[in-house]
Amino acid sequence: MENRSFYNEILTEHNIHPEFKFDLDDADIVLEGVNPSCGDDVWLKLKMDEDTIVDGAFIGDGCAISQASADIMLGMVIGKKKDEAIALADTFVKMIKGEASEEEIESLEEASALQDISHMPARVKCAVLGWRTLKEALSK
Amino acid sequence: MMPDINEIRKEFPIFENMKSGEVLPFAYLDNAATSHRPKCVIDAEMELYEKHNANPLRGSYPLSVEATDIYENARKSVRDFINASSASEIIFTRNTSESINLVAYSYGLTKVNEGDEVLVSIMEHHSNLLPWQMVTRKNGATLKFIECESDGSVDLEKVKELITEKTKIVAITHVSNVLGYENPVKEIAKLAHEKGAVIVVDGAQSTPHMKIDVKDMDVDFFAFSGHKMFGPMGIGVLYGKEDLLDKMPPFLTGGEMIDSVSRYDAVYAELPHKFEAGTVNAAGAAGLDAAITFMKRIGYEYMQERELMLTKRALDGLVKIPHIIVYGSDKAENHTGILTFKVDDVHPHDVSEVLIADSIAIRAGHHCAQPLLQYLGVNSTARASLMFYNTEDEIDRFLESIATIRERMGYGK
Numbered sequence: 127m128e129n130r131s132f133y134n135e136i137l138t139e140h141n142i143h144p145e146f147k148f149d150l151d152d153a154d155i156v157l158e159g160v161n162p163s164c165g166d167d168v169w170l171k172l173k174m175d176e177d178t179i180v181d182g183a184f185i186g187d188g189c190a191i192s193q194a195s196a197d198i199m200l201g202m203v204i205g206k207k208k209d210e211a212i213a214l215a216d217t218f219v220k221m222i223k224g225e226a227s228e229e230e231i232e233s234l235e236e237a238s239a240l241q242d243i244s245h246m247p248a249r250v251k252c253a254v255l256g257w258r259t260l261k262e263a264l265s266k
Numbered sequence: 008m009m010p011d012i013n014e015i016r017k018e019f020p021i022f023e024n025m026k027s028g029e030v031l032p033f034a035y036l037d038n039a040a041t042s043h044r045p046k047c048v049i050d051a052e053m054e055l056y057e058k059h060n061a062n063p064l065r066g067s068y069p070l071s072v073e074a075t076d077i078y079e080n081a082r083k084s085v086r087d088f089i090n091a092s093s094a095s096e097i098i099f100t101r102n103t104s105e106s107i108n109l110v111a112y113s114y115g116l117t118k119v120n121e122g123d124e125v126l127v128s129i130m131e132h133h134s135n136l137l138p139w140q141m142v143t144r145k146n147g148a149t150l151k152f153i154e155c156e157s158d159g160s161v162d163l164e165k166v167k168e169l170i171t172e173k174t175k176i177v178a179i180t181h182v183s184n185v186l187g188y189e190n191p192v193k194e195i196a197k198l199a200h201e202k203g204a205v206i207v208v209d210g211a212q213s214t215p216h217m218k219i220d221v222k223d224m225d226v227d228f229f230a231f232s233g234h235k236m237f238g239p240m241g242i243g244v245l246y247g248k249e250d251l252l253d254k255m256p257p258f259l260t261g262g263e264m265i266d267s268v269s270r271y272d273a274v275y276a277e278l279p280h281k282f283e284a285g286t287v288n289a290a291g292a293a294g295l296d297a298a299i300t301f302m303k304r305i306g307y308e309y310m311q312e313r314e315l316m317l318t319k320r321a322l323d324g325l326v327k328i329p330h331i332i333v334y335g336s337d338k339a340e341n342h343t344g345i346l347t348f349k350v351d352d353v354h355p356h357d358v359s360e361v362l363i364a365d366s367i368a369i370r371a372g373h374h375c376a377q378p379l380l381q382y383l384g385v386n387s388t389a390r391a392s393l394m395f396y397n398t399e400d401e402i403d404r405f406l407e408s409i410a411t412i413r414e415r416m417g418y419g420k
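Protein sequence lines, in the order shown, are assigned to chains A and B.
In terms of the numbering used here, the first sequence opens at residue 127 and continues consecutively.
In terms of the numbering used here, the second sequence opens at residue 8 and continues consecutively.
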C-alpha cells in the first residue's frame with residue numbers, strides 16, 4: 127500500500143516534532159483560527175518589533191496537515207516584515223488553490239512540501255488555517 | 008436458501024460501475040451517513056418522471072391520478088413498514104431533520120410552557136437536539152439530558168428519575184449514530200407516558216437495520232430518512248399518533264394543505280395533507296416504496312446476520328491492533344454496524360485520508376453529535392459504518408490499512 131505523497135517526511139516530522147508549538151508568554155498579537163466543521167484549532171502568537179515579526183509560536187489541536195502547516199509557516203515568517211509575511215501567505219494560498227507558478231512555489235521553500243494538497247479539496251482548509259490566521263492577525 | 012451477496016451487490020449500479028471502472032472503486036464504510044441504492048429504487052424514481060409525471064393531488068387527468076396513486080401507495084407501504092394504525096399518520100418530509108423540526112415547531116412550541124422540561128439524551132444527533140434547544144429557549148423551558156454509560160447504554164432507573172411531572176417531551180434516538188447502541192425506546196415510552204409526556208424517536212439509524220413497530224414501542228412520534236435505508240435522498244417520514252397530529256397546527260402553510268381559503272382565513276386540509284404544503288416529492292416517495300419492497304425481499308434476518316458477522320470481524324480485528332480505541336460496547340451485537348474509533352496520536356482526519364489512499368471510505372469528525380463527543384472526552388473520531396452489502400474482503404482491507412496508519416504517519420509501529 128503506497129502512501130499519498132502529501133504525507134511526506136517533511137509533513138509528518140513537523141507534525142510529530144514541531145519546533146514552534148508552545149506557548150509564547152510575551153506575545154503582542156494572539157489570534158485563534160478555527161475550522162468549525164472539522165475542529166482544527168490554532169492559537170497563533172506573534173511578538174513584534176514595529177513591523178517585524180521577531181518571535182512566534184502556536185498552540186493547537188488538529189490534523190497533521192493543519193498543525194504541520196502552521197509549524198512550517200512560523201519557521202518561515204519569523205524575522206520577516208509584516209508585508210513580506212502577508213505576501214508569503216498569499217502565495218501559499220495560491221499554491222494550495224493550484225494557481226501558483228513554479229517560481230512562486232519555489233519561493234515557498236519548505237512550505238512547498240504541501241503543494242499536493244491542491245488536489246485534495248477537502249483538506250485545503252486544513253492547510254491554510256495557520257496562514258489565513260497569520261494574515262488576519264497582521265492585517266488588523 | 009440464503010441469497011448470494013455477490014448477486015445482491017449486482018443490483019446496486021454503483022458497485023457495478025466500480026467494477027467496470029466508471030466509478031473509482033472504493034470500500035464504502037460510511038453507510039451511517041447514507042446508504043447506496045439498488046437499481047429498483049432508482050428505476051422507480053425515474054419511472055415516475057418518465058411515465059407518470061404530473062402534479063399529484065391536483066389534476067383529474069390520468070397522469071395526475073397515476074402520480075397521486077403512486078404517492079399514496081407509498082404512504083400505505085410506509086404504514087405497513089412501521090406498523091402504523093393508519094396512512095393518515097404518515098407524513099412525508101424531506102428527511103429526519105425536517106420531521107423532527109415539524110414536531111418541535113408544531114407540537115413543541117404549542118405544548119411546552121415556561122417551567123416545563125424537555126428531556127433528550129446526550130447521544131442525540133444535532134437534528135434531535137437543536138430543535139429542542141430552540142423550543143426550550145423560546146418558551147422558557149429547561150432542556151435536560153439523559154447521560155449514557157461507557158458502553159453506550161442508558162440506565163432506565165436514571166431515566167425514570169429524570170422524567171417528572173414537568174417533562175412534556177422526551178426526545179431520544181433509537182440507535183446512536185456514533186456508538187450504535189440501540190436504546191430501550193419501548194421502556195422509555197412507558198416511563199414518559201406514566202408522567203404524561205410524549206416521546207419523539209429519531210429512527211434514522213435504526214430503520215435500515217431492524218424491524219420497526221411503532222405500535223409495539225408505543226411511541227408518539229417517529230422520524231426517519233429514506234436515504235439511509237436504500238431509498239432516495241430528499242424523502243423522509245414523520246410518523247405521529249393520529250390524535251396528536253390532528254390537534255397540531257400546520258408546520259408549513261401554502262399549497263394543497265387547505266380545504267378552503269378566503270382573504271384572511273383558511274381551513275386546513277385533513278391529515279396527512281395538512282402537514283404537506285407545496286408540491287410533494289412523489290418520485291422520492293416512489294423510490295422509498297421500492298426501497299421498502301427491496302428490504303422485505305432481502306429480509307431483516309439475512310441483513311442482520313450479515314451485518315453482525317461483518318461487525319464482529321471488524322471489531323475483533325480492531326481490538327487486536329495496538330493503539331486503537333473503539334468506543335462503546337465490546338460486543339458486536341450492540342453496535343448496529345457502527346464502529347467509532349481512534350488511533351493514538353493520529354488525528355481522525357489523517358486516519359480517513361490514509362484510508363482514502365487505500366480506497367476505503369470512512370467518516371472522520373464529530374458526526375453531528377458534538378455533545379456526545381465532549382462527553383466521551385474527544386474532539387473528533389473516526390467512524391466505520393457497515394451495511395449488509397459490505398464484504399469480508401472490504402473489512403479485511405480496512406483492518407490491514409488501519410494496522411499501518413501509525414507507521415505511515417511517522418510513528419513507530
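Hints listed in this document are in silico derivations from the structure and should not be mistaken for laboratory results.
Worth double-checking, as some hints may not be accurate.
Derived EDC-like pairs (lysine to aspartate or glutamate); straight-line CA-CA distance at most 20 Å [unchecked claim]:
hint : chain 1 : residue 1 : chain 2 : residue 2
1    : B       : Lys-58    : B       : Asp-87
2    : B       : Lys-349   : A       : Asp-167
3    : B       : Lys-349   : A       : Glu-158
4    : A       : Lys-147   : B       : Asp-352
5    : B       : Lys-58    : B       : Asp-37
6    : B       : Lys-319   : B       : Asp-352
7    : B       : Lys-248   : B       : Asp-76
8    : A       : Lys-251   : A       : Glu-158
9    : B       : Lys-222   : B       : Asp-266
Footprint (simulated), chain B over chain A, 3 or more residues, beta carbon under 8 Å [to be verified]:
hint : segment
10   : 154 to 165
11   : 198 to 204
Built from N, CA and C at the ideal position, the CB exists for glycine as well.
**Message:** Under 8 Å between beta-carbons, do enough residues of the segment 154 to 165 of chain A, three at least, approach chain B for the coverage claim to hold?
**Reply:** Since 3 is at least three, the answer is holds.
**Cβ contact check, 8 Å cutoff: the segment 198 to 204 of chain A against chain B, three residues minimum** = violated (count 0)
**Message:** Tell me if the straight-line CA distance from Lys-349/B to Asp-167/A falls inside 20 Å.
**Reply:** Given pair Lys-349/B, Asp-167/A holds - Cα atoms ~18 Å apart, limit 20 Å.
**Request:** Measure nothing beyond the straight line between the CA atoms of Lys-147/A and Asp-352/B; if it is 20 Å or shorter, mark the hint as holding.
**Result:** 16 Å, holds
**Item:** Restraint status (C-alpha distance of Lys-349/B to Glu-158/A at most 20 Å)
**Value:** At roughly 26 Å apart (the allowed maximum being 20 Å), Glu-158/A and Lys-349/B break the hint.
**Prompt:** Under the criterion that the straight-line Cα-Cα distance not exceed 20 Å, is the pair Lys-319/B, Asp-352/B satisfied?
**Reply:** 25 Å, violated
**Item:** Given pair status - Asp-87/B, Lys-58/B, alpha carbons within 20 Å
**Value:** Distance of about 26 Å is beyond 20 Å: violated.
**Asked** Has the given pair, Lys-248/B with Asp-76/B, been kept, meaning a C-alpha gap of at most 20 Å?
**Response** 23 Å, violated
**Prompt:** CA of Lys-251/A to CA of Glu-158/A, is that 20 Å or under?
**Reply:** It holds: about 15 Å lies between the C-alpha atoms, which stays within 20 Å.
**Message:** Please verify whether Lys-58/B and Asp-37/B have alpha carbons no more than 20 Å apart.
**Reply:** With a Cα-Cα distance of about 34 Å, the restraint between Lys-58/B and Asp-37/B is violated, given a limit of 20 Å.
**Prompt:** Do the alpha carbons of Lys-222/B and Asp-266/B lie within 20 Å of each other, as the hint requires?
**Reply:** 30 Å, violated
Comparing the model with each earlier hint shows violations of hints 1, 3, 5, 6, 7, 9, 11; every other hint is respected.
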